[in-house]
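Residue numbers (UniProt numbering), protein chains in the order written: chain Z, 1 to 137; chain X, 1 to 111.
None of these hints come from the bench; they were simulated from the model. Don't take each hint at face value.
As the list claims (entries may be wrong) - Simulated DEER-style distance windows between Cβ atoms: (1) Z:Asn30 / X:Glu82: 45 to 53 angstroms; (2) X:Lys13 / Z:Ser94: 42 to 50 angstroms; (3) Z:Ala96 / X:Tyr106: 29 to 37 angstroms; (4) Z:Pro65 / X:Lys72: 37 to 45 angstroms; (5) X:Asp79 / Z:Phe3: 22 to 30 angstroms.
Glycine included, each C-beta is placed from N, C-alpha and C at the ideal position.
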Amino acid sequence: MDFKFDIEGGNFSKAGSASSDVKKVLKKLNVDPKLIKRIVVSIYEAEVNVVAHAYEGEMNVSIFPEKIVVRIVDKGPGIPDIDLAMQKGYSTASPAVREMGFGAGMGLPNIKKNTNELNIKSEVGVGTEVELINYLN
Amino acid sequence: MKVSDIVSELGLKVCSGEQGLDREIKGGYTSDLLSDVMGNADADQVWVTLQTHKNIMAIASLKELAAVILVKGYEPEADAAEQSNVEGIPILSSEEEAFELTGKLYKLISD
Ligand SMILES: Nc1ncnc2c1ncn2[C@@H]1O[C@H](COP(=O)(O)OP(=O)(O)OP(=O)(O)O)[C@@H](O)[C@H]1O
Ligand SMILES: [Mg+2]
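Chain X with its partners taken away, still in its complex shape (with noise of 0.2 angstroms):
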């Protein structure tokens, strides 16, 4: 599965980092404390959070992650935007709340 395609499953917005839509997904994880997610997530998944800060994207480039999924509307502050485009790694956003949205991501990922 690919970023793409969850993006058209799940219709997300794609606020930044376009150019990494067809990275290849492996798994998710959702968390708001960003060292929970340093130590818990994996290459290649998604991560499903409320955090809008550029910080974010740090992450998810050293860990190398497919894509940031941000929830209940939210979108990206202007620098994290910057540094998704630069690192190729796609900041999607979701009307959805993270219990129903991480619901929805784990059926289609492991399906």
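Excised from the complex, chain Z in its bound form (with noise of 0.2 angstroms):
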């Protein structure tokens, strides 16, 4: 079963309902809910990472039999050294996105935190694709 959300870059006001949408989905198909919990903290931090860092986007949800993946593929500037990106505490959050209180450097550790197994692919330039895959027991 496949599902697609748009991530429109910029947008804060927006930010975090297609990570809405997908938790609908998942609550829905009684997806356990200490599993629903853990990928929503992640889609979540993807889906703020393309409204914050690039430009737009789009939220792939596939779902197995065995596995839930997540896919949240971006236009945008790319992350040129992705393991200082993953570092706790690294952003290069613009002052107006911190003064938000987004820009810790905390998005992508959560992420890896609260799955199973994380795919970061990115060219510099064109844009950023976020895999997230956990598995049902």
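Could you use the hints to bring the two separately framed chains together as a complex?
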């Protein structure tokens, strides 16, 4: 089963709406509430990263009998050094974005912590693809 | 303890989301960093913050928090209040600073 939701870069008033839609779908499918909680944390962080750091993107959810795969793909500046970006506290967020309480450099570490498998592919000047895999047991 | 109990005990103003006043509270979290709250708060907690924009409601809803309490007399932005009404998650406001308010809340909730 596949679902797709759009993400608008720069539009903070809609940040989290794709994640909220995905949460509703997972609830309807009776996915384990504990797993939903973990998935919600990671997809929200990935969604906000598109809003804060990229231009536009989408969230693709694929549900298999044994796993849930979420791919967040954006057109944006890309991430030059993924290992550096993964470090707690590292952020290139603008002062305006920080004032809103974003930009703590905790988003990617939150994703890592709440996901069975995290794959990030990025090309500078093109965009970023974040793949989150969670296994149902 | 219900949200309405802390409203009366701590003299909080109810800014929006009144229909959520009988939500049950299980602890709280104090932070102004949204990713910190996303990563560390738990369902049914009250969240103490000075952030007043709509994203606090996205987080409150996704995390299923019991209520958001704004400190230092801050009021929610209009779209945040609107979202709070839609979700039924109250936004409350306190005249106190985060330190004092969190201390009182902690005592109230853990007693
Ligand atoms: N989709 C993306 N496109 C471009 N850069 C990104 C993207 N996602 C993350 N980054 C880069 O990685 C850094 C770290 O991301 P992370 O989510 O951990 O922190 P943050 O977004 O800066 O702050 P927080 O998530 O705590 O609000 C970002 O500051 C940014 O430089
Ligand atoms: Mg982030």
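Where does the structure disagree with the numbered hints, that is, which hint numbers, in rising order?
Hints 1, 2, 4 are the ones this structure does not satisfy, whereas the remaining hints hold.
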